[in-house]
Amino acid sequence: MSIIIDENVQVIVQGITGRNASLHTKFMLDYGTKVVGGVTPGKGGEKIHDLPVYDTVAECLKEHPAAAVSSVWVPPRFAKDAILEAIDAGIKTVVVITERIPVHDMLFVRKRAKEKDALVIGGNTPGLISPGKSLVGMLPKIAFSGGRVGTVARSGAITYYLANSLNLAGMGESTSVGLGGDPILGANFEDVLRLFEEDPETDAVVMAGEIGGVYEELAAPYIKTIKKPVVAFIAGKAAPKGKRLGHAGAIIEGNMGTAESKVEALKENGAIIAETLSEIPELVKEALCGKQQ
Amino acid sequence: MRLYEYEGKQLFKRYNIPTPNSVVVGDFSELDKVVYPVVLKGQVFIGRRGKAGAIQFANSKKEAETKIKELLGRVIHGYEVTKVLVEEKVEIDREFYLSATIDRTKHKPLLIVSSEGGMEIEEIAKKPDAIIKHYLEIGERVEPYLGRSIARKMEFKGDAMLKVGNIIVALYNLFLDYDCKLVEINPLVLTADGKIIALDSKVDLDEDAMYRHKELMQMGIEARHEIGELTKREKIAKKAGIPYVDLDGDIGVFPGGAGFGIASIDLIKHFGGNPANFMDSGGAPTQERLRLMIGLLMDNPKVKVIFGARFGGISRCDDWAKAVVQYVLENRPQKPMIMRMAGNMEEEGRKIFEEAIKEHSELFKNIKVYKFDTPIEEVIKEAIKESI
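Protein sequences, first through last, are from chains A and B. Numbering of the first sequence is given in this note's numbering, commencing with residue 1 and proceeding in unit increments. Numbering of the second sequence is given in this note's numbering, commencing with residue 1001 and proceeding in unit increments.
Calculated from the structure, these hints are not laboratory results. Heads up, a few of these hints could be off.
What the hints assert, rightly or not - Here are the simulated DSSO-like cross-link-like pairs (lysine-lysine), alpha carbons at most 30 Å apart as the crow flies:
1) A:Lys-26 to B:Lys-1302
2) B:Lys-1108 to A:Lys-267
3) B:Lys-1195 to A:Lys-243
4) A:Lys-111 to B:Lys-1202
5) B:Lys-1108 to A:Lys-114
6) A:Lys-241 to B:Lys-1322
7) B:Lys-1239 to A:Lys-241
8) B:Lys-1106 to A:Lys-224
9) A:Lys-237 to B:Lys-1269
10) A:Lys-241 to B:Lys-1232
11) A:Lys-116 to B:Lys-1062
12) A:Lys-243 to B:Lys-1358
13) B:Lys-1033 to A:Lys-243
14) A:Lys-26 to B:Lys-1371
15) A:Lys-243 to B:Lys-1232
16) A:Lys-141 to B:Lys-1381
17) A:Lys-241 to B:Lys-1371
18) B:Lys-1302 to A:Lys-243
19) B:Lys-1051 to A:Lys-241
20) B:Lys-1235 to A:Lys-237
21) B:Lys-1083 to A:Lys-237
22) A:Lys-141 to B:Lys-1232
23) A:Lys-243 to B:Lys-1163
24) B:Lys-1013 to A:Lys-243
25) B:Lys-1381 to A:Lys-285
Just so we're clear, the structure is a prediction, and the values are computed from it rather than from any experiment.
Construct all of the structure, not just a fragment, from the sequences and the given hints.
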């Protein structure tokens, strides 16, 4: 097993006619992801990589009723609309690649997602991958190989380096999830940690956070109760205050969102802290050995 | 993105939130438009401005001129005073606190009020009884009755209660209408002659929502850091749409996506080096933008070496390689570039480098591009060595 996506899950792409969405739809198909169709309002009837394009998500689902995941690639000003369209049409997992979605828009999206019991991942997520089974988003397949470590990170590149270093150390991933770099996210660390805890094919979890917001701190109490080892890494120890570092969410606001506060909260609740990315594989190995003894 | 006090008060005026009569000083002729005595407030993004010397008083135009001249250009806790807000002095009877913000834990907007204003909210919050919190549903507005009932809880009565109720409604409308992360009035004052006035303003906008508030730009509100102005290089970067922050060191960082950019600054410091900047060079930049990024780093006189990394996800290795090669051919840089490239379209990218090196070996002698099997830490350590 894996979490959220597996070899059978059917995927649609909102904004499929855009340059990036179209390119990565091709990569997803090449990887074996069951992409069944796309949506771009006003371009219904076209074809992209032989996939049908629809005007609305509802029409797309009418033709492909088994589609369970939508990936959203539209520009930020259309993101709220696209995510709500997916949720209202009945999609239960929405993977939002779009970055820099206005904060108030995401608050509204979160509210609707909760009401309709939908999982929204992102904004500004690179997507997620269950190696060898399915890839939704824009992660480079070369970074990942199948295994029993679950990873969850806010940043795309960190997700890739993380998996890459696990692989070089002879391990692999059950699923790697990118939470996204925006300040208000759909799914947070705790949501994904719960899924990994329940997944029989995940033995340990690596979580990589960064400065800004409180999602790492919010996950800390749950880590105390989790049975599987959690190795945690926080980026931004050397970050200046009051300046956004690329990700809209990566900013120390007043005293909120510092690396120290996150590391402390995680450490106190039993997470194994990695000082640098390269320590992670060794820490995961040690944790797994410790568990077996 | 924090607004200056005077900008926040311009928004307050649009919402009929009373503020003192004032002028923002660029030229001294404006000083005839206010009644003395006045308060001179240097516009800087710090708390406790009085203690830091950013706030002065003047009883006459002449005194105001002298003191404004002293204030302008002064650097207070790292922020230069470029504007002074001149406000008519009000006689304060009592101070209160009002704000609308987002609770990042509950993902809900909330109003915070207190009948003990004037101090930083962190100070007020030390006495939990002194604070009243009211959560709102997303999409909900503050109805007038709610404004009044909160004003009552702050122990306002009669006319003052009605006025404060209206201000609470207006404050929340401003918060929603302008996509704010925070609107704070601290202090809101009751004057000796019974007026209610917003004496200070703190407005924090969502930069990502600025596209739907074009009128703010017409008000002269420009892109800036969350707190503080951009440096010259940061302004160039901003214009080109490149997320970039100046730091103090000598290693130019060309890292790929933002998350890895943040981690690479940590790593460089961890191994004893000094990053010259933060940069987000991910998000599928065009080749032109990639060349601009390299140029931005190369042109920084402090930079001795560039550390680069590309883990191609949405940003492809071949695009990256083409941009680096073209930059080198056009600009013949002397500074070394120590880089690593892996991910989507890696092989295509590698071929581009190999061909360029074959044809122009002299130009590329200081440029190294490692593969995915070299740990990033090794690449960083080598860059640090070049910076010493």
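Evaluation of the provided hints:
no.: 1; hint: A:Lys-26 to B:Lys-1302; in the structure: 43 Å, violated
no.: 2; hint: B:Lys-1108 to A:Lys-267; in the structure: 28 Å, holds
no.: 3; hint: B:Lys-1195 to A:Lys-243; in the structure: 38 Å, violated
no.: 4; hint: A:Lys-111 to B:Lys-1202; in the structure: 27 Å, holds
no.: 5; hint: B:Lys-1108 to A:Lys-114; in the structure: 13 Å, holds
no.: 6; hint: A:Lys-241 to B:Lys-1322; in the structure: 35 Å, violated
no.: 7; hint: B:Lys-1239 to A:Lys-241; in the structure: 22 Å, holds
no.: 8; hint: B:Lys-1106 to A:Lys-224; in the structure: 21 Å, holds
no.: 9; hint: A:Lys-237 to B:Lys-1269; in the structure: 9 Å, holds
no.: 10; hint: A:Lys-241 to B:Lys-1232; in the structure: 19 Å, holds
no.: 11; hint: A:Lys-116 to B:Lys-1062; in the structure: 65 Å, violated
no.: 12; hint: A:Lys-243 to B:Lys-1358; in the structure: 42 Å, violated
no.: 13; hint: B:Lys-1033 to A:Lys-243; in the structure: 37 Å, violated
no.: 14; hint: A:Lys-26 to B:Lys-1371; in the structure: 25 Å, holds
no.: 15; hint: A:Lys-243 to B:Lys-1232; in the structure: 15 Å, holds
no.: 16; hint: A:Lys-141 to B:Lys-1381; in the structure: 27 Å, holds
no.: 17; hint: A:Lys-241 to B:Lys-1371; in the structure: 34 Å, violated
no.: 18; hint: B:Lys-1302 to A:Lys-243; in the structure: 21 Å, holds
no.: 19; hint: B:Lys-1051 to A:Lys-241; in the structure: 22 Å, holds
no.: 20; hint: B:Lys-1235 to A:Lys-237; in the structure: 25 Å, holds
no.: 21; hint: B:Lys-1083 to A:Lys-237; in the structure: 34 Å, violated
no.: 22; hint: A:Lys-141 to B:Lys-1232; in the structure: 39 Å, violated
no.: 23; hint: A:Lys-243 to B:Lys-1163; in the structure: 37 Å, violated
no.: 24; hint: B:Lys-1013 to A:Lys-243; in the structure: 29 Å, holds
no.: 25; hint: B:Lys-1381 to A:Lys-285; in the structure: 25 Å, holds
The structure shown violates the earlier hints numbered 1, 3, 6, 11, 12, 13, 17, 21, 22 and 23.
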